[in-house]
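Protein sequences, first through last, are from chains A, B and C. The first sequence: position 130 = 130 (this note's numbering), numbered continuously. The second sequence: position 164 = 164 (this note's numbering), numbered continuously. The third sequence: position 31 = 31 (this note's numbering), numbered continuously.
Derived by calculation from the structure, the hints in this document are not laboratory data. Take the hints with a grain of salt, since some may be wrong.
[Unchecked claim] Cβ-Cβ distance ranges computed for the label pairs, FRET-style:
1) A:Gly119 - C:Asp123: 26 to 34 Å
2) B:Ala72 - A:Arg122: 36 to 44 Å
3) C:Asp43 - B:Asp126: 52 to 60 Å
Cβ atoms here follow ideal geometry from the backbone N, Cα and C, with glycine treated the same way.
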Amino acid sequence: MNPLTRLLEAALFAASRPLPVAELQRLDSGVEEAAVRAALDELKLVYDEGRHGVLLTEVAEGWQILTRPELADAIAQAQIVDRPRKLSMAAMETLAIIAYRQPVGRAEVEEIRGVASDGVLRMLQDRGLIEVTGRGEGLGRPLLYGTTSLFLEILGLRVLDDLPRGEELKVALTPVKLDTSEETTEGSEGIESEAVAG
Amino acid sequence: MNPLTRLLEAALFAASRPLPVAELQRLDSGVEEAAVRAALDELKLVYDEGRHGVLLTEVAEGWQILTRPELADAIAQAQIVDRPRKLSMAAMETLAIIAYRQPVGRAEVEEIRGVASDGVLRMLQDRGLIEVTGRGEGLGRPLLYGTTSLFLEILGLRVLDDLPRGEELKVALTPVKLDTSEETTEGSEGIESEAVAG
Amino acid sequence: MADTIPSPQSPPDQGFVVRLDAFNGPLDLLLTLIRDQAIAITDIPIAKIADQFLAVVHTLGLNEAADYLEMATRLVRIKIQLLLPRPLDDEDWEDPRAELVRRLLEYEQVREVVGWLVERAADHGDRFPRGWILEPAEAAPRPITFDLAQLLGAVEDVLAGMPHPVWHRVVARPLDVEGATRRIRSLLEGRERLSLVECFGEHFTVADVISTLLAVLELARQGEIHLAQETPFGNVDVARESTHQAA
Chain A
1 MNPLTRLLEA ALFAASRPLP VAELQRLDSG VEEAAVRAAL DELKLVYDEG
51 RHGVLLTEVA EGWQILTRPE LADAIAQAQI VDRPRKLSMA AMETLAIIAY
101 RQPVGRAEVE EIRGVASDGV LRMLQDRGLI EVTGRGEGLG RPLLYGTTSL
151 FLEILGLRVL DDLPRGEELK VALTPVKLDT SEETTEGSEG IESEAVAG
Chain B
1 MNPLTRLLEA ALFAASRPLP VAELQRLDSG VEEAAVRAAL DELKLVYDEG
51 RHGVLLTEVA EGWQILTRPE LADAIAQAQI VDRPRKLSMA AMETLAIIAY
101 RQPVGRAEVE EIRGVASDGV LRMLQDRGLI EVTGRGEGLG RPLLYGTTSL
151 FLEILGLRVL DDLPRGEELK VALTPVKLDT SEETTEGSEG IESEAVAG
Chain C
1 MADTIPSPQS PPDQGFVVRL DAFNGPLDLL LTLIRDQAIA ITDIPIAKIA
51 DQFLAVVHTL GLNEAADYLE MATRLVRIKI QLLLPRPLDD EDWEDPRAEL
101 VRRLLEYEQV REVVGWLVER AADHGDRFPR GWILEPAEAA PRPITFDLAQ
151 LLGAVEDVLA GMPHPVWHRV VARPLDVEGA TRRIRSLLEG RERLSLVECF
201 GEHFTVADVI STLLAVLELA RQGEIHLAQE TPFGNVDVAR ESTHQAA
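Produce the entire structure from the sequences given, and follow the hints as far as they go.
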């Protein structure tokens, strides 16, 4: 391992959070981004080829050392580490809405979910998964929420764009527009048909 | 690296404390102490010979992976561990209210912000930015908060009076009491103050 | 999330909150009913679904949950709207189900994303970060930074977010009923009767006229004075009520 790779490994190990390349450059004054990337590549190679128990991965716009997933069961069973607690369905729904609609206010979240969501929003804020990113227009200038880098981190995502895009989902994520007048002329889609039983 | 060494590396990396050999044995049911010790030797050798940025070391409580001490200076200088934190928007708002309204109780802060603020108050107190300065009148004699000298230090101010727009904002941050009863005192002047959109 | 509707035979002592957990809100319940019966979201037999929805809400003891009741009301309203006759060639007619369909599709999208997120989080949850927190508990936490601009910015945010803005501006008070009342009373101290115009005072404004009229009406209501008008559009006499002595 070359000296820069050593230093990167030590820093990534010490930080225990994803470190962006810019921050890693600070480790060695004047080192270029390309050199840091080359060193990251070397470290990745050492872990993979050396069949280490850890791996190097890019998450939340930074680099992080993590344990290999195939070892998780053994480590959890030995009660050395607790698996992260699962979020409730309500929390996941709220996160999903905020991830795609951010910045988004409470009213819109509740409109989509169909249930009051202030408790869930507070919980997600306390857990550091969402944060207030500004205030909206209109009455009382409602708080607007967005996802945090911790959100990306727990999902192992690099950037928000790594979320599945509209066309990758079975149900398109573009806002649904129901144009009933147009469908009247077509008369084909079920929404116009008289399927209502008494 | 043999499979047991891989597993040990992952476990030692993920554990939040040094792990004794007995605990490491639990990772692989039925594995003998000698096998664990052999694997620890292999890991130590890999780190040393491979000139890694980390090392394996035994302390009284067990085995742990640490960054190499000779790299500590570079990591400290890059401020990778001690990165200054920005306050959240909620924390900034709460701090602003306390700065201009002190001494002020939780109820008033919450009335002005319109959201529950106990978590934020506790955090600001933990970080030494606010402190309890007394107790108010009324039910339960609520705790009153004020800013600390650390608060002034961070802003580079000598005294609280150096805060800009002191008088104006002190008034502005007073919650409005909607008083519907008419003020009949000396109404003949034809003058009364009226809350207008600001 | 429940794939099936919990059976009505579930123990009666089961807590309300536990039962509520069976579904993640009214849209979840509605979507479950629709999926269970393989119904197209765009072609919901509202009458049938509304009845089933109400039955489940009742069975699960969700009657007190406002969100469910709101949806139940909405479904019944749509059911009624669909039963109303409508002109055959009414181009403005909108399917009363349209809004509900839009919301259900939107919610279905969210659920699909949730499925992806759950899977992703589970995969990533198997990759543990370093557990060792480098800073010992007694070490100073990371330094905090902010500056005056940020503090004042936060003040602006607080002010902007307050429901009742609090800048105080002194404005001319348009009406002064109390002043007019005092003026009328003092005029009536010396005389038993006067004309309404006299009550307005000298150099009166429109506001003075309105204030005076309000004061006169209030005094008359309280029985302190009585009003008389001899002819239509004629002068109005304001007289002290005989039982009322001037103060």
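Cross-check of the supplied hints:
In this structure the supplied range 26 to 34 Å holds for A:Gly119 paired with C:Asp123, their Cβ-Cβ distance being about 28 Å. Between B:Ala72 and A:Arg122 the Cβ separation comes to about 39 Å, which falls inside the hinted range of 36 to 44 Å. Remark: the range hint 52 to 60 Å for C:Asp43 to B:Asp126 is upheld by a beta-carbon distance near 57 Å.
Checked against the numbered hints above, the structure violates none of them.
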